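Engineer: Spelled out, the chains give:
Number of protein chains: 2
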Amino acid sequence: MDTQILKGDILAEKLLQLVSKKIEEFKEATSTTPGLGILAIGEFEGGKSYRQAIEKLCKEIEIYLEIKILPSFISLREAIEELEIFNASPNINGILIEMPLPANFPEKDFLLHLSPQKDVDCLSLLNRGKFALDSFSVISPCTPLAVYCLLIEYGIRLKGSHLVIVGRSNIVGKPLALLMLRKGIDATVTVCHSKTPHLEQFTSQADILVVAVNSPRLITSSMIKEGAVVIDVGINKIFDSKLGKDIIVGDVDFEDVMGKASAITPVPGGVGSLTRVLLIKNTLKLAYLQRGLEDETFLLS
Amino acid sequence: MDTQILKGDILAEKLLQLVSKKIEEFKEATSTTPGLGILAIGEFEGGKSYRQAIEKLCKEIEIYLEIKILPSFISLREAIEELEIFNASPNINGILIEMPLPANFPEKDFLLHLSPQKDVDCLSLLNRGKFALDSFSVISPCTPLAVYCLLIEYGIRLKGSHLVIVGRSNIVGKPLALLMLRKGIDATVTVCHSKTPHLEQFTSQADILVVAVNSPRLITSSMIKEGAVVIDVGINKIFDSKLGKDIIVGDVDFEDVMGKASAITPVPGGVGSLTRVLLIKNTLKLAYLQRGLEDETFLLS
Numbered sequence: 001m002d003t004q005i006l007k008g009d010i011l012a013e014k015l016l017q018l019v020s021k022k023i024e025e026f027k028e029a030t031s032t033t034p035g036l037g038i039l040a041i042g043e044f045e046g047g048k049s050y051r052q053a054i055e056k057l058c059k060e061i062e063i064y065l066e067i068k069i070l071p072s073f074i075s076l077r078e079a080i081e082e083l084e085i086f087n088a089s090p091n092i093n094g095i096l097i098e099m100p101l102p103a104n105f106p107e108k109d110f111l112l113h114l115s116p117q118k119d120v121d122c123l124s125l126l127n128r129g130k131f132a133l134d135s136f137s138v139i140s141p142c143t144p145l146a147v148y149c150l151l152i153e154y155g156i157r158l159k160g161s162h163l164v165i166v167g168r169s170n171i172v173g174k175p176l177a178l179l180m181l182r183k184g185i186d187a188t189v190t191v192c193h194s195k196t197p198h199l200e201q202f203t204s205q206a207d208i209l210v211v212a213v214n215s216p217r218l219i220t221s222s223m224i225k226e227g228a229v230v231i232d233v234g235i236n237k238i239f240d241s242k243l244g245k246d247i248i249v250g251d252v253d254f255e256d257v258m259g260k261a262s263a264i265t266p267v268p269g270g271v272g273s274l275t276r277v278l279l280i281k282n283t284l285k286l287a288y289l290q291r292g293l294e295d296e297t298f299l300l301s
Numbered sequence: 001m002d003t004q005i006l007k008g009d010i011l012a013e014k015l016l017q018l019v020s021k022k023i024e025e026f027k028e029a030t031s032t033t034p035g036l037g038i039l040a041i042g043e044f045e046g047g048k049s050y051r052q053a054i055e056k057l058c059k060e061i062e063i064y065l066e067i068k069i070l071p072s073f074i075s076l077r078e079a080i081e082e083l084e085i086f087n088a089s090p091n092i093n094g095i096l097i098e099m100p101l102p103a104n105f106p107e108k109d110f111l112l113h114l115s116p117q118k119d120v121d122c123l124s125l126l127n128r129g130k131f132a133l134d135s136f137s138v139i140s141p142c143t144p145l146a147v148y149c150l151l152i153e154y155g156i157r158l159k160g161s162h163l164v165i166v167g168r169s170n171i172v173g174k175p176l177a178l179l180m181l182r183k184g185i186d187a188t189v190t191v192c193h194s195k196t197p198h199l200e201q202f203t204s205q206a207d208i209l210v211v212a213v214n215s216p217r218l219i220t221s222s223m224i225k226e227g228a229v230v231i232d233v234g235i236n237k238i239f240d241s242k243l244g245k246d247i248i249v250g251d252v253d254f255e256d257v258m259g260k261a262s263a264i265t266p267v268p269g270g271v272g273s274l275t276r277v278l279l280i281k282n283t284l285k286l287a288y289l290q291r292g293l294e295d296e297t298f299l300l301s
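Protein chains in written order, with our numbering: chain A, 1 to 301; chain B, 1 to 301.
Where hints are given, some of them may not hold.
The list treats identical chains as interchangeable, and a pair is accepted whether it falls inside one copy or across any two copies.
[To be verified] In the SDA-like style, the derived pairs of lysine to any residue whose C-alpha atoms are separated by at most 25 Å in a straight line are:
#	residue 1	residue 2
1	Lys225	Leu199
2	Lys245	Thr3
3	Lys183	Arg217
4	Lys7	Glu153
5	Lys237	Asn170
6	Lys195	Asp207
7	Lys225	Ile156
8	Lys159	Ser194
9	Lys245	Ile54
10	Lys183	Pro100
11	Lys159	Asn170
12	Lys195	Ile156
13	Lys27	Asp186
14	Lys108	Asp134
15	Lys225	Gly160
16	Lys22	Ser215
17	Lys159	Leu199
18	Lys225	Asp207
19	Lys68	Arg51
20	Lys183	Asn236
21	Lys56	His198
22	Lys245	Phe105
23	Lys14	Thr33
24	Lys237	Thr32
Hint data in this document are derived by calculation from the structure and do not stem from the laboratory. Every value quoted in this text rests on a predicted model; they were computed, and no experiment measured them.
Please model the complete structure; the sequences and the hints are all you need to start from.
Structural biologist: Set out below in structure tokens:
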């Protein structure tokens, strides 16, 4: 079977052109520059490379970026103080809190203080509540939205499909399940995770398989159905002994599933590229809303 | 195979005794009576019988109950005004909004005004957001909690099990999926719904099957796996031609699956009985919290 490559980077580039145009319009209309604030507590490899990619993007399209990396041992009170500075800053329209937060950090108590008006990844309690109750009117989490946009762009049928998600995180697995269950989208959804026994029994039933566990090359051809669409959300740095250097791979063994899957996203160049541009798009959407400006056709796309 | 009957009503009775004792303690400590407010917009059959059952229960354990039935054509503004009266009333500790609201009623705009401190079924945006992000510290939605309690009471293993839910409502299907995916519970979860083709392909794979679509006797023995645990959340009034009168049946053909399922909840006397008592328990929990009183052992149970 010919396996189609779902080129997230090409879709991202198309969307970025639209976003760039809207940024220019925003700058002209308001004489201000949209701004994104990233707040990280502690450092980890994946977070660092994601931040660098966003930094590059913000430079390219000329939006304001502020990055705060707080020490992993920071107290809740101090972390909230730093977050409140972003909440209050007129230069910041969107705030991204890097997930996951350190183990044992009181996540919900912290997210309670994230301004819903500046919440670019649907992590504030109010926005997540709306999203969980099925509202289309708010910011959607960027990665689930990227997966959805990619599937729609390539004309992959969701209604009546069986979508299997591997991973139950708050930024991919769970919100993606909620999104795909929405009326009108109508997928049937299975969520597996690290404690699922016989994972292959579930993955092999997927019409559409989405993998988001950051486990390098976890999914091999024997674990998927002939003709499945495979969406790889994982980003893992591993040492390639043949090349003698570190390389980036996904959660899917790309070479192995080629020829069996009907379509697959590459890593890099797949979901991640699109996620970053949607993050900028969400920032811009919030900037418009904060100004009381609206552009329905763009904002809802 | 002998099919065990999971007696929700017996568990409910046990829990009610505990709750009654706590109500007495609350009354003594505060010289006030805990109060529940039910707000319905429009009337439908299922809502009415649920309300009557709660009314009976509130009389029995002597807690204050106020029921407001608003016309189905009420405006959002007027409905919010009525809700705000409950929010402000010192007699009301818990508020239950009857779901589903009429079609086209702006649900999220309405629920935005439900006080999180009085939200007895986890429908306020803030509490639902916390719940969606995995917090154990808030009120859980009553029906998913009832399903969970029943399974735990009867020692049914959740970790590693495949739980299949039929129904994707905001009061059962979606929150139950989120609950069962929690770390420590660790079920693998599939959510099916009215648009799922070949439903039997999914239901027949369930170790635990939960049905919540209000479709009388939808699930028959050919649709379940030998030894499956079947949880029937449906409540349907149908005319029985043999008996010549209306009877209440669930979403599962009880007689048909007997002998094939390893366990099943009856309707009535199953999940619904327990849900009602959990509603009272949540009301009391909120009453304690509003007074700044806590009883950890009871509140977290």
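Engineer: If a hint holds in the structure, say so; if it doesn't, say that too.
Structural biologist: For each hint, the structure was consulted:
1. Taking the shortest Cα distances, lysine 225 and leucine 199 sit within 25 Å of each other both inside one copy (13 Å) and across copies (19 Å).
2. Within a single copy, lysine 245 and threonine 3 get their C-alpha atoms no closer than 28 Å, and across copies no closer than 59 Å, so neither meets the 25 Å cut-off.
3. Taking the closest pair of Cα atoms, lysine 183 and arginine 217 come within 25 Å of each other only across two copies (24 Å); inside a single copy the shortest separation is 33 Å, beyond that limit.
4. For a Cα distance limit of 25 Å, the shortest separation of lysine 7 from glutamate 153 inside one copy, 10 Å, qualifies, whereas the shortest one across copies, 50 Å, does not.
5. Taking identical chains as interchangeable, the C-alpha atoms of lysine 237 and asparagine 170 lie at most 25 Å apart only when both belong to the same chain, with a minimum of 22 Å there against 39 Å between chains.
6. With identical chains, the CA atoms of lysine 195 and aspartate 207 are at most 25 Å apart both within one copy (22 Å) and between copies (16 Å).
7. In this assembly of identical chains, lysine 225 and isoleucine 156 lie within 25 Å of each other by CA distance solely inside one copy; the values are 16 Å within and 31 Å between copies.
8. For a Cα distance limit of 25 Å, the shortest separation of lysine 159 from serine 194 across copies, 11 Å, qualifies, whereas the shortest one inside one copy, 27 Å, does not.
9. With identical chains, the CA atoms of lysine 245 and isoleucine 54 are at most 25 Å apart within one copy only, with a shortest distance of 24 Å there and 66 Å across copies.
10. For a Cα distance limit of 25 Å, the shortest separation of lysine 183 from proline 100 across copies, 15 Å, qualifies, whereas the shortest one inside one copy, 29 Å, does not.
11. In the homo-oligomer, the alpha carbons of lysine 159 and asparagine 170 lie at most 25 Å apart both inside one protomer (24 Å) and across protomers (20 Å), since each shortest distance falls under that limit.
12. In the homo-oligomer, the alpha carbons of lysine 195 and isoleucine 156 lie at most 25 Å apart only across protomers (17 Å), although the nearest pairing inside one protomer, at 29 Å, exceeds that limit.
13. Proximity of lysine 27 and aspartate 186 under a CA criterion of 25 Å is satisfied in neither setting, with 39 Å inside one chain copy and 48 Å between copies.
14. For a Cα distance limit of 25 Å, the shortest separation of lysine 108 from aspartate 134 qualifies both inside one copy, at 21 Å, and across copies, at 9 Å.
15. Taking the shortest alpha-carbon separations for lysine 225 and glycine 160, both the intra-copy value of 17 Å and the inter-copy value of 22 Å come in at or below 25 Å.
16. Within a single copy, lysine 22 and serine 215 get their C-alpha atoms no closer than 37 Å, and across copies no closer than 48 Å, so neither meets the 25 Å cut-off.
17. Within a single copy, lysine 159 and leucine 199 get their C-alpha atoms as close as 24 Å, and across copies as close as 14 Å, so both meet the 25 Å cut-off.
18. In this assembly of identical chains, the alpha carbons of lysine 225 and aspartate 207 lie at most 25 Å apart whether taken from the same copy (7 Å) or from different copies (23 Å).
19. In this assembly of identical chains, lysine 68 and arginine 51 lie within 25 Å of each other by CA distance solely inside one copy; the values are 11 Å within and 52 Å between copies.
20. Proximity of lysine 183 and asparagine 236 under a CA criterion of 25 Å is satisfied inter-copy only: 23 Å between copies versus 34 Å inside one chain copy.
21. Within a single copy, lysine 56 and histidine 198 get their C-alpha atoms no closer than 41 Å, and across copies no closer than 47 Å, so neither meets the 25 Å cut-off.
22. In this assembly of identical chains, the alpha carbons of lysine 245 and phenylalanine 105 never lie at most 25 Å apart, being 34 Å within a copy and 58 Å across copies at closest.
23. Proximity of lysine 14 to threonine 33 under the C-alpha cut-off of 25 Å is restricted to the intra-copy arrangement: shortest distance 21 Å within a copy versus 62 Å between copies.
24. Taking CA atoms no more than 25 Å apart as the test, lysine 237 paired with threonine 32 passes in neither setting, with 38 Å inside one copy and 61 Å between copies.
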